[in-house]
Amino acid sequence: MIGGLFIYNHKGEVLISRVYRDDIGRNAVDAFRVNVIHARQQVRSPVTNLARTSFFHVKRGNLWLAAVTKQNVTAAMVFEFLLKMCDVMQSYFGKINEENVKNNFVLIYELLDEILDFGYPQNTDTGILKTFITQTGVKSATKEEQAQITSQVTGQIGWRREGIKYRRNELFLDVLEYVNLLMSAQGQVLSAHVAGKVIMKSYLSGMPECKFGINDKITMENKSKSTQSAIMDDSARQSGSSKSSIAIDDCQFHQCVKLSKFESEHAISFIPPDGEYELMRYRITKDISFPFRIIPLVREVGRTKMEVKVVLKSNFKPSLIGQKIEVKIPTPLNTSGVQLICMKGKAKYKASENAIVWRL
Numbered sequence: 001m002i003g004g005l006f007i008y009n010h011k012g013e014v015l016i017s018r019v020y021r022d023d024i025g026r027n028a029v030d031a032f033r034v035n036v037i038h039a040r041q042q043v044r045s046p047v048t049n050l051a052r053t054s055f056f057h058v059k060r061g062n063l064w065l066a067a068v069t070k071q072n073v074t075a076a077m078v079f080e081f082l083l084k085m086c087d088v089m090q091s092y093f094g095k096i097n098e099e100n101v102k103n104n105f106v107l108i109y110e111l112l113d114e115i116l117d118f119g120y121p122q123n124t125d126t127g128i129l130k131t132f133i134t135q136t137g138v139k140s141a142t143k144e145e146q147a148q149i150t151s152q153v154t155g156q157i158g159w160r161r162e163g164i165k166y167r168r169n170e171l172f173l174d175v176l177e178y179v180n181l182l183m184s185a186q187g188q189v190l191s192a193h194v195a196g197k198v199i200m201k202s203y204l205s206g207m208p209e210c211k212f213g214i215n216d217k218i219t220m221e222n223k224s225k226s227t228q229s230a231i232m233d234d235s236a237r238q239s240g241s242s243k244s245s246i247a248i249d250d251c252q253f254h255q256c257v258k259l260s261k262f263e264s265e266h267a268i269s270f271i272p273p274d275g276e277y278e279l280m281r282y283r284i285t286k287d288i289s290f291p292f293r294i295i296p297l298v299r300e301v302g303r304t305k306m307e308v309k310v311v312l313k314s315n316f317k318p319s320l321i322g323q324k325i326e327v328k329i330p331t332p333l334n335t336s337g338v339q340l341i342c343m344k345g346k347a348k349y350k351a352s353e354n355a356i357v358w359r360l
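Counting along the sequence shown from 1, when you hit position 248 you're at 248 in UniProt numbering, and nothing is skipped either side.
Possibly wrong hints are sitting among the right ones.
[What the hints assert, rightly or not] No farther apart than 25 Å at their CA atoms in a straight line, the calculated lysine-lysine pairs in the DSS-like style are these: (1) 261 - 197; (2) 305 - 348; (3) 317 - 344; (4) 348 - 328; (5) 201 - 261; (6) 258 - 211; (7) 350 - 328; (8) 348 - 95; (9) 95 - 324; (10) 348 - 313.
Simulated from the structure, these hints should not be mistaken for lab results.
I would like the entire structure built from these sequences, with the hints used as guidance.
This is how it looks when you write it as structure tokens:
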């Protein structure tokens with residue numbers, strides 16, 4: 001359970017403050033400002049414990065979103081709520097910055113009242129929230145509108161309202177994959193995993209049912225009935241094709257996906273929500289093919305100076321093009337000066353992140 005939620009700017013000023021429990025006082029606001037935002041050394045941990053009070057925070061641009069509690073809560077649940085809250089605000093008024101938060105503070109308070117009930121997350125689905133919370137304000141609803149809202153929240157298809165019409169039906173699908181790689185100074189891969197997600201934008205009329213299949217080379221592990229796991233493909237294992245297959249450790253689906261058809265037909269069938277949403281999230285830890293090869297060279301020059309050379313080579317076919325590539329090179333915490341020589345792209349040292357950011 002969450003005792004309170006606060007949004008700060010980069011100066012530590014409170015833009016949004018909502019307290020759900022009596023055990024959270026004004027001193028909690030000041031404690032986070034002094035010990036995290038205005039700390040002499042950068043706080044790298046997303047969880048800070050001060051006087052038996054836990055602060056969970058995420059940062060978006062120059063804003064801090066902090067959830068406060070004195071209870072023993074699940075950290076993953078709190079961070080999932082904070083990220084969902086960011087997605088909801090972004091869907092309502094676009095970019096999350098200080099100006100937009102100030103201009104939409106009434107809307108944010110309405111969202112917090114609907115999303116959290118006495119500190120317990122209740123509803124973070126943007127499609128449902130937009131049926132009774134709008135940017136233009138709350139209007140008195142007629143009996144038909146009230147019945148529609150009730151059906152939207154409690155019905156079988158609560159993520160999509162009826163009567164949606166478009167002149168042209170459109171559906172966009174984007175697959176985003178993030179490769180997390182830990183490499184030693186000798187170039188040896190210590191650990192690696194791929195975190196991917198499927199983002200869809202649907203502008204379809206009526207109540208359509210969409211369906212797309214999954215490549216037969218993809219197999220699922222960690223068998224479970226919950227939505228956050230998947231089904232093991234026994235046929236692929238028995239036929240000996242697991243060597244050429246892609247093993248997904250776990251995946252998570254949007255509530256609109258029909259899990260029974262996914263298990264039986266190896267296909268994703270769903271009635272899509274309106275607008276942009278995350279359909280699927282997955283993770284891969286085995287047999288990862290890296291799109292780039294990183295060659296690091298580290299040489300110490302004296303006691304207070306070191307030289308780092310990083311070579312980046314592509315492993316994909318010449319027919320493919322890599323764009324908007326970003327490489328982060330971590331630096332020691334006591335780094336005082338950096339001299340950069342960049343052959344391609346642009347590189348910049350960011351003291352706030354203790355890293356050199358190289359963009360190609």
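Given the hint that residue 258 pairs with residue 211, test it: the Cα-Cα distance must not exceed 25 Å.
Distance ~10 Å between residue 258 and residue 211 Cα, so the pair holds.
Verify the proposed pairing of residue 350 with residue 328, using a straight-line Cα cut of 25 Å.
Judged against 25 Å, a Cα distance of about 10 Å means the pair holds.
Run the distance test for residue 317 versus residue 344: straight-line Cα separation, threshold 25 Å.
holds (20 Å)
Are the Cα positions of residue 348 and residue 95 separated by 25 Å at most?
Cα-Cα ~24 Å, so holds.
Quickly compare the C-alpha distance for residue 95 and residue 324 to 25 Å and report which way the hint goes.
Within the cut-off at roughly 20 Å; holds.
CA of residue 348 to CA of residue 313, is that 25 Å or under?
Roughly 20 Å between the alpha carbons, so the hint for residue 348 and residue 313 holds.
Starting from residue 305, check that the Cα of residue 348 is at most 25 Å away, please.
holds (18 Å)
Does residue 328 sit within 25 Å of residue 348, going by the straight-line distance between their CA atoms?
holds (10 Å)
Under the criterion that the straight-line Cα-Cα distance not exceed 25 Å, is the pair residue 261, residue 197 satisfied?
holds (20 Å)
Under the criterion that the straight-line Cα-Cα distance not exceed 25 Å, is the pair residue 201, residue 261 satisfied?
Roughly 22 Å separates the two Cα atoms, so the pair holds.
Consistency with the previously given hints is maintained throughout, with no hint failing.
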